Amino acid sequence: MLRGTKSGLEFVFAADAGDAVLSDLTARLSERPDFYRGSRATAIFQGAPLESDAFAGFLDTVRAHGIDLHGVYGAAELGPFAERHALAYLGEPPRPVVTSLGQRRPRKVVAALTERARSLEADFAGAREDIARRRARGETSVAKPDFAKAAAIRAGAASAGPTVAPPVLTVTPGTPATLYHRGTLRGGQILQQIGNIVVVGDVNPGAELVASGDILVFGALRGTAHAGAQGDTAARVAALELAPTQLRIATCIAADDVKHKAREPEVAFIRDERIAIAPYAKAGLR
Amino acid sequence: MEAIETEITAPVPEAPVGDQPVAPLGRAIVITSGKGGVGKTTTTANVGAALAALGKRVVLVDADVGLRNLDIVLGLEARVKYHVLDVIENKAELDDALVRDKNVDSLYLLAAAQTREKEDVSTEAMIGLIEQLRARFEFVLIDCPAGIETGFRNAIAGAGHAIVVCTPEVSAVRDADRVVGLLPHDWKPELVVNRLRPALVRKGKMLSVEDVDAILRLPLLGVIPDEPGIIIATNKGRPIALDEHSPVGAAYRQIASRLAGNDVPPPTVKVAEPGFFSKFGSLFGGR
Amino acid sequence: MAGRRIVITSGKGGVGKTTTTANLGAALAKRGYKVVLVDTDIGLRNLDLVLGVEKRIVFDLVEVVEGRCQVRQALIRDKRFTSLHLLPAAQTRDKTAVSEAQMDALIGELAEEADFVLIDCPAGIEHGFRNAVAGAREGIVVTTPEVSAIRDADRVVGKLKERGLPHTLIVNRIRPEMVASGEMMTVDDVRDVLRTEILGIIPDDEEVIDTTNRGEPLVLDPNQRLAPIYLKIARRLEGEKIPLTRLESQTFLTKLFSIWKAG
Amino acid sequence: MLDFFKSLFKPQGSGATAKERLRLVLLSDHLSLAPETIDALKADLFDVFSRYFEYDASQAEVTFDHREREVAMLASVPILRVRERTLPPVALAPEPPAPVAVAPVAVAPVAVAPEPPAIAEPEPELEPVEAEAVEAGPAPVAALEPEKLPIAPAAPRPRKRRRKRNAAASNGKAGVQPGLSAGHSAQA
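Protein chains in written order, with the working numbering: chain A, 1 to 286; chain B, 1 to 287; chain C, 1 to 263; chain D, 1 to 188.
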């Protein structure tokens with residue numbers, strides 16, 4: 001299975017994985033030939049390493065795609081296997097951080113994303129890689145809100161009489177406050193906030209909400225929402241009608257392809273590196 | 001030279017002289033939409049003609065510099081001598097640039113410049129011009145250009161109220177929504193749904209008025225059915241609002257009387273069946 | 001050899017520019033060409049909607065120009081036509097975010113690896129129009145047989161001539177029954193008035209509204225009446241000489257028949 | 001034969017009127033005369049009219065008409081009252097009567113660019129228009145060879161005439177009392 005994480009791409013080989021997995025992974029890569037060019041990757045063997053020369057062939061295609069496979073995680077005896085393939089042996093596989101949801105696990109907790117959504121995941125791996133690399137260089141993935149410009153617009157707007165509403169509505173930086181906005185957010189408007197955002201009203205397609213904390217929409221979220229924009233994977237997005245054009249939490253991206261016309265409020269959060277959507281009432285996430 | 005016809009007609013109205021009680025300032029309304037080709041110019045011409053037919057003194061301002069069309073829809077293209085920029089650049093008096101409609105007496109047109117750029121008009125000049133017109137007319141309807149660039153900003157700068165024209169079609173609704181987001185917050189824009197085809201709505205092939213309202217959430221001013229008669233009227237250069245037995249004309253007259261303040265029952269929508277909305281789930285939520 | 005850089009423009013909005021760009025692009029892709037569609041209508045993004053890929057946009061044209069991502073990361077590949085790509089416009093920016101020079105360079109870069117780069121031009125003749133035309137080397141003017149659309153198309157033809165760009169004309173939304181009854185101008189009328197060569201004639205069809213709502217270019221569906229017409233226009237664009245199907249002649253005969261029947 | 005036969009059947013619907021109006025509008029757009037010059041020409045014509053009689057400016061029309069081989073300019077001007085004594089002719093001499101004499105001017109970015117105007121294409125129907133159009137025009141304007149024709153007049157015409165027009169205009173145009181309908185004649 002191919003997975004994109006904060007530290008880059010990861011090829012995960014389950015214990016019982018046979019050679020078929022290799023050809024599947026090669027096919028996945030060739031589908032988007034140069035999308036992952038220049039990204040770093042590691043291989044994780046949950047079981048015994050694949051001794052066959054098919055693995056060597058796999059390594060060649062990985063390098064052909066310009067992916068720098070620099071290390072292998074796995075059980076102890078992986079050392080010689082790693083040297084044979086000129087890879088660094090990195091020891092035990094990293095334990096995925098799973099925040100426990102408590103006993104009352106809701107039965108149909110996760111509206112599982114469809115196959116098409118999962119393929120989107122792979123599609124966005126390159127994008128995630130790029131964001132991760134830029135964060136490593138200290139840049140935020142989202143352009144820092146330009147407070148000076150917003151203030152100027154607001155100042156300018158005040159003096160020039162009936163003029164156009166400022167496209168960017170922002171709040172003074174510093175205290176991670178919550179930006180409260182009443183009224184429908186129209187296409188093309190963007191709310192950026194260090195902290196949380198609460199919107200009472202709809203967020204129409206084409207509008208964007210970007211917050212470093214949580215996002216709550218007391219209405220229909222049809223536009224794009226990006227919570228935990230500075231890497232906070234605990235951030236959540238909730239709405240009475242969650243039908244976003246696109247949903248991002250920290251570095252995870254998902255498009256709501258599931259045709260679930262839920263009649264109830266829902267919340268989206270991160271569970272093992274992926275965005276999960278659950279009915280708000282049952283999610284037990286208070 | 002062609003023989004000069006002799007014909008006695010009433011001259012152009014004069015600005016009210018100082019001592020007359022200064023009439024209350026007219027209402028400046030901008031007709032906008034974001035997306036082009038949804039019927040802004042046709043709506044401006046027909047609502048203007050209908051208001052004038054009710055005896056109101058109306059001026060139509062074509063703010064679409066470089067893409068002048070209001071004159072052709074009204075059939076006055078031959079009578080335009082001076083345009084907005086001439087007045088703003090003091091090359092002509094406002095009186096000379098005002099062209100009177102050939103069908104309705106109290107309807108006047110101030111045409112756009114055809115060979116100039118939108119950036120040639122400054123926002124302050126536009127506001128000044130609209131103020132001048134509000135002093136002399138009860139209604140100043142401004143035909144706004146498509147898009148959200150300089151032309152759009154100048155068109156809405158002088159106005160105090162907006163009518164958003166939208167066709168029941170996905171990208172038109174989205175662009176209208178974008179424009180409403182750019183209008184000053186204290187305005188209460190009203191919606192006109194244009195070119196509705198009830199048969200298509202029943203077949204679920206076209207958005208219903210409810211679907212459009214679900215996104216835009218604006219008070220509904222009028223619904224205009226899609227009739228070939230409109231193309232014929234534009235070809236002839238005669239507003240269809242003056243045609244008694246045309247359903248489209250009636251719709252425009254209804255909008256005009258609603259603007260003139262007589263309380264007219266809200267627009268009834270013939271389509272009762274479930275809209276396109278329910279069949280395809282949330283409108284933009286995907287298939 | 002770098003691909004052809006064609007701007008699809010019209011002056012007046014709502015005449016079918018974006019639908020034509022999407023379907024012409026799909027038709028060319030279906031014929032095996034590598035096609036990149038560029039939406040330059042910054043602030044009023046619609047091409048993604050017509051292609052049904054609005055959910056997959058991560059980066060957009062302005063972010064590419066500002067260097068915040070590489071071109072290949074912003075390009076969205078259509079799932080149905082593997083050789084059709086879209087570079088989406090930005091939604092929360094305005095047209096001044098990009099300059100004519102940047103646009104010319106960007107289109108040049110795209111044309112290196114594509115056979116056709118179709119630029120969907122915004123309505124009007126302001127900054128957006130100048131950006132779209134700056135990147136183009138050829139033009140297709142879309143109009144409808146309606147008075148103000150033709151007048152705006154005439155203005156745009158003048159501007160393309162000013163820049164020395166070769167251009168052809170697509171007459172969209174012709175209603176044969178209204179042409180027959182003399183209530184609508186014929187294609188020849190439009191050509192005489194605009195004095196430009198005709199690339200294609202597209203009759204009015206209510207199905208188009210449905211396909212745009214569902215985000216599926218109609219070239220996809222063979223039993224769509226308009227699908228073969230877009231394919232024929234694509235072949236003409238490639239240089240094939242295909243005679244224009246005269247819509248009126250077909251309606252002229254039906255008119256004759258109706259008179260005989262009524263008489 | 002088909003065309004003749006077809007024309008029998010196609011009644012003169014609004015499509016034909018639309019084409020006609022469009023052709024005129026585009027013609028005035030296209031004619032190598034910049035619309036400003038056409039407007040200036042129209043304004044001069046109305047100035048000349050106003051020296052001889054009072055007319056209703058809002059109803060006056062100046063259009064171009066395509067005759068078989070040339071373009072005619074038609075003025076239809078409703079007269080209110082003929083002047084007893086005509087106003088002294090405005091001395092035309094000092095004013096540069098035709099913009100032709102003006103030095104080469106930086107061309108304003110007008111639709112018609114320095115390269116040969118659209119009409120120059122070998123369109124048989126329009127070709128002669130170019131050469132004869134101006135002579136056939138009624139206004140006694142100096143002959144304007146097409147190539148030397150600058151796209152836009154260099155300096156806006158001096159405003160001197162404007163005052164005379166206003167003088168003429170002020171007594172000619174009585175203020176419209178609200179409710180005065182067009183039919184009712186307003187004797188100035």
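It is possible that part of the hints are untrue.
To be verified - Calculated lysine-lysine pairs in the DSSO-like style (CA-CA distance at most 30 Å, straight line): (1) B:203 <-> C:79; (2) C:232 <-> B:205; (3) C:30 <-> B:205; (4) B:91 <-> B:102; (5) B:56 <-> B:188; (6) B:102 <-> B:188; (7) C:161 <-> C:79; (8) B:205 <-> C:241; (9) B:56 <-> B:91; (10) C:161 <-> C:241.
Derived by calculation from the structure, the hints in this document are not laboratory data. All values reported here derive from a predicted model rather than from experimental measurement.
Hints and how they fare:
1. Annotation: proposed proximity of residue 203 of chain B to residue 79 of chain C holds, straight-line Cα distance about 28 Å (limit 30 Å).
2. Restraint check: the Cα-Cα separation between residue 232 of chain C and residue 205 of chain B comes to about 26 Å, which is no more than 30 Å; the hinted pair holds.
3. A threshold of 30 Å between alpha carbons decides the hint, and for residue 30 of chain C with residue 205 of chain B the separation of about 26 Å falls inside it, so the pair holds.
4. Distance hint between residue 91 of chain B and residue 102 of chain B is fulfilled; the C-alpha atoms sit about 25 Å from each other, no more than 30 Å.
5. With a CA separation close to 23 Å, the supplied pair residue 56 of chain B and residue 188 of chain B stays within the 30 Å bound.
6. With a C-alpha separation of about 33 Å, the suggested pairing of residue 102 of chain B with residue 188 of chain B is violated against the 30 Å cut-off.
7. With a CA separation close to 37 Å, the supplied pair residue 161 of chain C and residue 79 of chain C exceeds the 30 Å bound.
8. A hinted pair counts as satisfied when its Cα atoms are at most 30 Å apart, and residue 205 of chain B with residue 241 of chain C does not qualify at roughly 36 Å.
9. Taking the CA atoms of residue 56 of chain B and residue 91 of chain B, the gap is about 29 Å. The hint holds against a cut of 30 Å.
10. Of the pairs offered as hints, the one joining residue 161 of chain C and residue 241 of chain C holds, with about 24 Å between alpha carbons and a cut-off of 30 Å not exceeded.
Going down the numbered hints, you'll see the structure goes against 6, 7, 8, while the others check out.
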